[in-house]
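> These are the residues of each chain, in order.
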Amino acid sequence: MDIFGDLLMGLTVAITPINMVYLMFGACVGMIVGVIPGFGPSAGLAILLPVTFGMDPIGAIMMLAAIYYGAMYGGTITSILLNTPGESATVASTFDGFPLAKQGRAGPALVMQAAASFVGGTVGVILITILAPMFAQVSRSFGPPEYFLLAAMGMLTLIVMIGEHWKLGVISALIGLALGTVGVDLETGQGRYTFGSAELIGGIYFIPIAIGLFGLGELFFAFYNNLHKTGTGSIVQYDKEERFWPTAHDWISTRMTMVRGSLLGFVVGVIPGAGATIASLMAYSIERSVSKTPENFGKGEMAGLVAPETANNAASSGAMIPLLTLGIPGSASTAVLLAAFLMWGLRPGPLFMQQNPELAWGLIASMYLGNMALLAISIFAIPLFVQIIKVPYRILGPIIVVICALGTFSVHASFVELYLMFAAGIIGFFMRLYGFSPAALVLALVLGPLGEEALRQTLTISRGSFMIFLERAPSLWIIGITIVLLLILPLIGRFGSRASEAEKAGS
Amino acid sequence: MRIVFMLVLLAGALFYSYIAFIDLSFMTRTGRLGPGFFPRIIGVATVVVTLWVLVDEVRKRNLAEENVQTWRDVIVLMALALGYAVLLRLFGGFVATAIFLAVTLSIVNRGHLYKNMLIAILIPTGVYLLFDRFLNANMPPALFPLPI
Chain A
12 MDIFGDLLMG LTVAITPINM VYLMFGACVG MIVGVIPGFG PSAGLAILLP
62 VTFGMDPIGA IMMLAAIYYG AMYGGTITSI LLNTPGESAT VASTFDGFPL
112 AKQGRAGPAL VMQAAASFVG GTVGVILITI LAPMFAQVSR SFGPPEYFLL
162 AAMGMLTLIV MIGEHWKLGV ISALIGLALG TVGVDLETGQ GRYTFGSAEL
212 IGGIYFIPIA IGLFGLGELF FAFYNNLHKT GTGSIVQYDK EERFWPTAHD
262 WISTRMTMVR GSLLGFVVGV IPGAGATIAS LMAYSIERSV SKTPENFGKG
312 EMAGLVAPET ANNAASSGAM IPLLTLGIPG SASTAVLLAA FLMWGLRPGP
362 LFMQQNPELA WGLIASMYLG NMALLAISIF AIPLFVQIIK VPYRILGPII
412 VVICALGTFS VHASFVELYL MFAAGIIGFF MRLYGFSPAA LVLALVLGPL
462 GEEALRQTLT ISRGSFMIFL ERAPSLWIIG ITIVLLLILP LIGRFGSRAS
512 EAEKAGS
Chain B
44 MRIVFMLVLL AGALFYSYIA FIDLSFMTRT GRLGPGFFPR IIGVATVVVT
94 LWVLVDEVRK RNLAEENVQT WRDVIVLMAL ALGYAVLLRL FGGFVATAIF
144 LAVTLSIVNR GHLYKNMLIA ILIPTGVYLL FDRFLNANMP PALFPLPI
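If you're matching them up, the sequences are chains A and B in order.
Each residue of the first sequence is one higher than the last, beginning at 12 in my numbering.
Each residue of the second sequence is one higher than the last, beginning at 44 in my numbering.
No lab work stands behind these hints: they were computed from the structure.
We put the CB at the ideal spot given by N, CA and C, even for glycine.
Where hints are given, some of them may not hold.
Beta-carbon label-pair distances, calculated as ranges [to be verified]:
1. Pro368(A) / Ile150(B): 50 to 56 Å
2. Arg115(B) / Ile472(A): 53 to 59 Å
3. Phe426(A) / Ala122(B): 16 to 22 Å
What the simulated footprint calls covered on chain B by chain A, stretch by stretch (three residues with Cβ under 8 Å from a Cβ of chain A suffice, anywhere in the stretch; the number is not a length) [to be verified]:
4. 66-74
5. 87-99
6. 113-123
7. 130-136
8. 139-149
9. 181-187
Some, not all, of what chain A presents toward chain B, calculated at C-beta under 7 Å [claimed, not checked]:
10. Val181
11. Leu185
12. Ala189
13. Tyr235
14. Val412
Only chain A is shown next, with the shape it has when bound in the complex:
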């Protein structure tokens, strides 16, 4: 297992002129998607997935991955300039980012967040390089029982992290599971919930649902919040200032913050179900508790911006590990990446790195390059991205409807999927309005069928006995880790939300 040799091989695959173009394009698109309020990587990936059809696999996947972590860079720009998080993972960046902008330090804030994101992302990719082969080795001993338990763990950790509205999260997940049962039952060949429709026999493909929930649903919600009327020109806090670059004090005081944030973010990102949002909130509250000047947090403390930024980029790297080594997505965005892999006939899992080394290592190598590209783009193109925020939402909105619709149709040329997408859009709006969790729905839609098949295989192997879960060592480990997570995560989640409430009350 020669890691450096593999990485070098990956770099030769990744560094071709056309792939570099795809990477840069993906990074720019990702940042733009992140900048538009409400749209996160899940929506961007889902909408742009159909566009990658005509491309070759490695280029397409490099582009999609670039969009994924690019959105993390872009989402913070609106957090700092408009006090509006670009996506949920950048909520924590508003706590100290916007106060910094109000103090006239928007420039240093934006540069520090780019640097922090770069550090988080790069550390994350280094950890993937080292750990992915190890994970792949461990997961080769996994069988159906372990897959069922992992799918269950992913769902449970996601629901537990929702916090006080957990019942609504449970309902969202159950709806997703129910949608996942539509189709043909694999063991008996019987149709379930197909109502005689030839289109539904293949089941409900989750891309139209993801596009509808995250793309259209967010759009409707933004219109409900009158985002299209306010326009944004007047509240942007970004004028020509004397200092664009951070001071030496900024860099020195946050160096340990970056280290803490990246490690924490990566570990949280690896857990299926927990993701960048939780990582960023946890990093913020931990940074505050170890700081010598906690009273400055919320008033424009640089460490309060750097910590969540490092964490959310490291977490998005971490989330690639369960995807690549187990084939289990940990979040809605990685679920879309999984769909991309499957579309290309690749099966992420324990054998993925062995059977497709050029693809796996090419992807990992591209992530190094992508982070560097994004650092450069972030710093030098910031004024350009600020212009994008000024495009009125009322023009952007209908265009997004068009892109969602035509994109959905181009996947399978199916009108049924188109209608499903619009239906999901309306449902997604109501879900956002009433506190449900679209991410839980999409994750359940993907993990449900996986879990059901795994359970049936398990019971076939064990001839109907559920004791198999207690007889296999890997299963016991997973059960143990799940119990530990279910106990710790809510406590830390509550710690994080109390920190965010204290912020809002204090400032």
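Please build the complex by placing chain B on the supplied structure of chain A, with the hints as guidance.
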């Protein structure tokens, strides 16, 4: 509105469970998990949790006034989007998109007639070039043959 949404969910859950119990068997004849195993569990769980949330909602009945004004724009956009779906079926990708954008922008972006019409022509053209020529992807066909 919140309670109406919950009731719709409850109705869906009851329908789902009904089919699970009537049409799908819990175990197969050979003793393995049948097609109804998961659907029944999911259906019953959804009904239970939805009822629980409904009861909670009714109990802490918040009599706050629903602001009708904020709903108007969303409903209009949703109606237009559904109209777009119908248009796509009838007229195909290019024409339907042009009509949808023209109508929507004139409602939402009132007053900028010139700009709206420009966008309504440019976007479908751009998308057509991107999807049909460059990527060789599918654009929705119309019900009757059209030049585009």
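> Could you work out which earlier hints the structure fails to respect and list their numbers in ascending sequence?
none
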